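Protein chains: 4
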Amino acid sequence: MKILIDERGKKYIPPSKGDFQTDLGIIKKEKIERSLPGDELKTHLGKKFKVIEANVNDFIELMERRSSIILPKDIGIVISYTGLGSGQKVLDAGTGTGSVALTLANIVGDTGKVYTYEIREDFAKLAKKNIKDFGMKNIILKNKDIKKGIKEKNLDLIFFDLPRSWEIIEDAKNALKDGGWLVFYNPYIEPVKIIHKKAKECKFKEIKTIEVITREIEIKKKGTRPRTRMIGHTGYLTFTRKI
Amino acid sequence: MKILIDERGKKYIPPSKGDFQTDLGIIKKEKIERSLPGDELKTHLGKKFKVIEANVNDFIELMERRSSIILPKDIGIVISYTGLGSGQKVLDAGTGTGSVALTLANIVGDTGKVYTYEIREDFAKLAKKNIKDFGMKNIILKNKDIKKGIKEKNLDLIFFDLPRSWEIIEDAKNALKDGGWLVFYNPYIEPVKIIHKKAKECKFKEIKTIEVITREIEIKKKGTRPRTRMIGHTGYLTFTRKI
Amino acid sequence: MKILIDERGKKYIPPSKGDFQTDLGIIKKEKIERSLPGDELKTHLGKKFKVIEANVNDFIELMERRSSIILPKDIGIVISYTGLGSGQKVLDAGTGTGSVALTLANIVGDTGKVYTYEIREDFAKLAKKNIKDFGMKNIILKNKDIKKGIKEKNLDLIFFDLPRSWEIIEDAKNALKDGGWLVFYNPYIEPVKIIHKKAKECKFKEIKTIEVITREIEIKKKGTRPRTRMIGHTGYLTFTRKI
Amino acid sequence: MKILIDERGKKYIPPSKGDFQTDLGIIKKEKIERSLPGDELKTHLGKKFKVIEANVNDFIELMERRSSIILPKDIGIVISYTGLGSGQKVLDAGTGTGSVALTLANIVGDTGKVYTYEIREDFAKLAKKNIKDFGMKNIILKNKDIKKGIKEKNLDLIFFDLPRSWEIIEDAKNALKDGGWLVFYNPYIEPVKIIHKKAKECKFKEIKTIEVITREIEIKKKGTRPRTRMIGHTGYLTFTRKI
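Chains as they are written, first to last, in this note's numbering: chain A, -9 to 233; chain B, -9 to 233; chain C, -9 to 233; chain D, -9 to 233.
Derived from the structure by calculation, the hints contain no laboratory data.
Fair warning: this is a prediction, and the values are worked out from it, not measured in the lab.
Watch out, some of these pointers could steer you wrong.
Pairs involving identical chains hold if they fit within one copy or between any two copies, as the list cannot separate such chains.
As the list claims (entries may be wrong) - Below, simulated DSSO-like cross-link-like pairs (lysine-lysine); rule was C-alpha separation at most 30 Å, straight line: (1) LYS(-8) <-> LYS134; (2) LYS183 <-> LYS63; (3) LYS190 <-> LYS167; (4) LYS187 <-> LYS37; (5) LYS127 <-> LYS188; (6) LYS210 <-> LYS119; (7) LYS1 <-> LYS63; (8) LYS137 <-> LYS187; (9) LYS79 <-> LYS103; (10) LYS122 <-> LYS212; (11) LYS190 <-> LYS19; (12) LYS63 <-> LYS195; (13) LYS103 <-> LYS115; (14) LYS32 <-> LYS167; (15) LYS18 <-> LYS188; (16) LYS(-8) <-> LYS79; (17) LYS183 <-> LYS210; (18) LYS188 <-> LYS(-8); (19) LYS141 <-> LYS211.
Start from the sequences, fold in the hints, and give me the full structure.
Structural data, given as structure tokens:
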């Protein structure tokens, strides 16, 4: 998917129909279609736009989102702690606007598969559109209640961002391959305690809960320091492994 | 690659020659060879070992390492911030014992490629062995000084864990595709300041330095709290993008 | 100093002249004057106000401030790390609006003394008013450039929140008693490096730089978690001791 | 109280009887008695020791401790958040080895008072010795169970480091003056939740729980960075105010 970037760094998805119009001027549809990543296009006002092939983060940044999404800092740790890789089969619930499914799908690739469950019809519809727009073909979106049962088997990773997710912890275990990971995302600590208890009962191993904090460093002429404002907390990540 | 896990959770790579011998008893070579992931094997003393297919982290944990490695918390953020995915072409220098190359190779998969440069012969040799042992086929290891020049083109990601890495920032830019990322890892802040300066001179965009901190939460009968000891700092990650 | 607190927790300094007037109604001046801490007063509209004896923080919160102040989290660590106590003699520069001087003066008490230097006349004037309003009698405010020299001797603590404060590190050392502390506050890291160098040259001991981070925990019906927003950085505190 | 510091920075309390003997040589008792803070004494082997007047932290560092103590980072925030100052009356329970009582007593001074309760006889005995050794005269140590009742009135601050401390929250409120603070220290989060509930029922105001994290910055020739190891968590501080 091609996107355009103006000189201030703002990104745009060109419209599927008609010319590209912004306050910096107009670029003809044909001009965009003929362009290649790396090209620089000019509007009729002479303003420059760079063409790049969107990566999955560019798209998630630009796509329609009606709810808050799990931040890259959190999903990144899920990926690296579980050894996620190309060709793996994974499951994610609830889908929300699809950002986690897209990120996972980008990694498991064509030889892998992402199953994603969403109970709400409106979210499922939006996620479906987002997945289609980005052109991901390895995602199976299911607009159903995952608590009714998981059909998939031999999964490498299951990621739950769900209320009362521990209710299907046994189902999840059955759906995992040996050595596979079940990871829970919870904004509050109380559910984490229940998950630990249930995970031990289900004989999950390598149970561990972490919080990921990122600090941005400001490097300016005035001097160097961590930014004065930061995100204090998003959620707890609880890792459990079927061994 | 099959590994064995004892009841305390300790992992073992079975020897390439001869029977598997531990203080918990012996398991015959043939028994291990016939086993499938998920099987449980018993030693002659009746102790149980679980067989699992090692994922990349299991292997990195068990492989020979003669230097400290970049932690999953840091490499995870590199992956998620840059949108790394299946099929991408990436470069990493210096290789060290190969842990970053293995992690990246696991993600880019067979349709992708990892080029990894290591100047020291002893490290290159060890990394080569580690890569071969895990069976990764998409890594090109070069035992040469990356400062002499980068031949690769059209890369999605370059990751530098090198002294004075800014000296080849222009080379790195030429090796990247449009939209590609150059990421620097630095334990100290001083090089980060030089990198910001050089990156601006080279017209890199989306320049940002962050620190990743993970806090483990202890969930015990006595109560819940963050662990009393934690890792305070590993390194700064500086992201720069060719746009 | 008496202050009033309404039912929402908002605090007010009653005016020195005339009745107390808010959107919650009016309380007569005489009524306030006759009141004792702990009393509850009603406005003519029937709204309740609690009378309390302001502590130093209440006053700092309410007093006029034209610049940002050093946060309690930072000044608290200065106090506890240096063993500040009743009867000590301390120095602080620059005064700013007087908040640090007030906090220190509250601790050293009548048998102690706070010398505070401020180069800017407008700040010195404002600080003087604030000190007088709160009724602190153990503060000597000097509207002069501390870089011209420090007359005080035998001090227990010197606290510098100044640009290029290392320029008077020798002067500061001479002004300290043996065992006394010189503490520096710096938003950026670069001056901290110079201070370490100079402090070693001046044979200061127990040199240490720290950052203080406070995380507020939200305890609500929905659940418990660290707040989603937090202050990421204010300044570095560098401790050095004359031994 | 005079202490001695050797050239490596190690501190010593000279013995109450007999000469001062270390591996660096001997200093005669009389020589130490005649010395003044700032003097440098030599052992018979020619090694130098500096004499300084111990501040409260030096003493706490050197005194006998049989249990872990509350760190300066935490007690510092209690002091600054509550506006503790000279002349105030405060209460602390349990005493433990007396470190909190000593720190508070150092601040409230001769015109203030610290009441400290300890249920265990062995701790009370040790704390008594420590308080006497440092020469603090404004501490009333009670070897009794604070849960049986608090006699003191009109206190500025109560600090609880006790199991199930919420059981005496009403007693504590009665012991506080209007505007006074009750602060709780808890290693685990579960009691904090009960305290919030009880504090609201008792109509405490300005209820707030924080965690204090300090990061030390390493400034070396090799470069500048936060230390690689840090203390991850000690306890939660819960502030509640009687208004």
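Hint by hint, here is what the structure shows:
no. : hint               : in the structure
1   : LYS(-8) <-> LYS134 : neither (32 Å within a copy, 36 Å between copies)
2   : LYS183 <-> LYS63   : both (23 Å within a copy, 23 Å between copies)
3   : LYS190 <-> LYS167  : within (18 Å within a copy, 47 Å between copies)
4   : LYS187 <-> LYS37   : between (59 Å within a copy, 26 Å between copies)
5   : LYS127 <-> LYS188  : neither (35 Å within a copy, 39 Å between copies)
6   : LYS210 <-> LYS119  : neither (41 Å within a copy, 36 Å between copies)
7   : LYS1 <-> LYS63     : both (21 Å within a copy, 28 Å between copies)
8   : LYS137 <-> LYS187  : within (19 Å within a copy, 33 Å between copies)
9   : LYS79 <-> LYS103   : both (5 Å within a copy, 21 Å between copies)
10  : LYS122 <-> LYS212  : neither (46 Å within a copy, 35 Å between copies)
11  : LYS190 <-> LYS19   : neither (58 Å within a copy, 32 Å between copies)
12  : LYS63 <-> LYS195   : both (24 Å within a copy, 20 Å between copies)
13  : LYS103 <-> LYS115  : within (20 Å within a copy, 35 Å between copies)
14  : LYS32 <-> LYS167   : between (52 Å within a copy, 21 Å between copies)
15  : LYS18 <-> LYS188   : neither (58 Å within a copy, 36 Å between copies)
16  : LYS(-8) <-> LYS79  : both (28 Å within a copy, 19 Å between copies)
17  : LYS183 <-> LYS210  : between (43 Å within a copy, 9 Å between copies)
18  : LYS188 <-> LYS(-8) : between (46 Å within a copy, 28 Å between copies)
19  : LYS141 <-> LYS211  : neither (57 Å within a copy, 35 Å between copies)
Hint compliance for this structure: hints 1, 5, 6, 10, 11, 15 and 19 are not met, and every other hint is.
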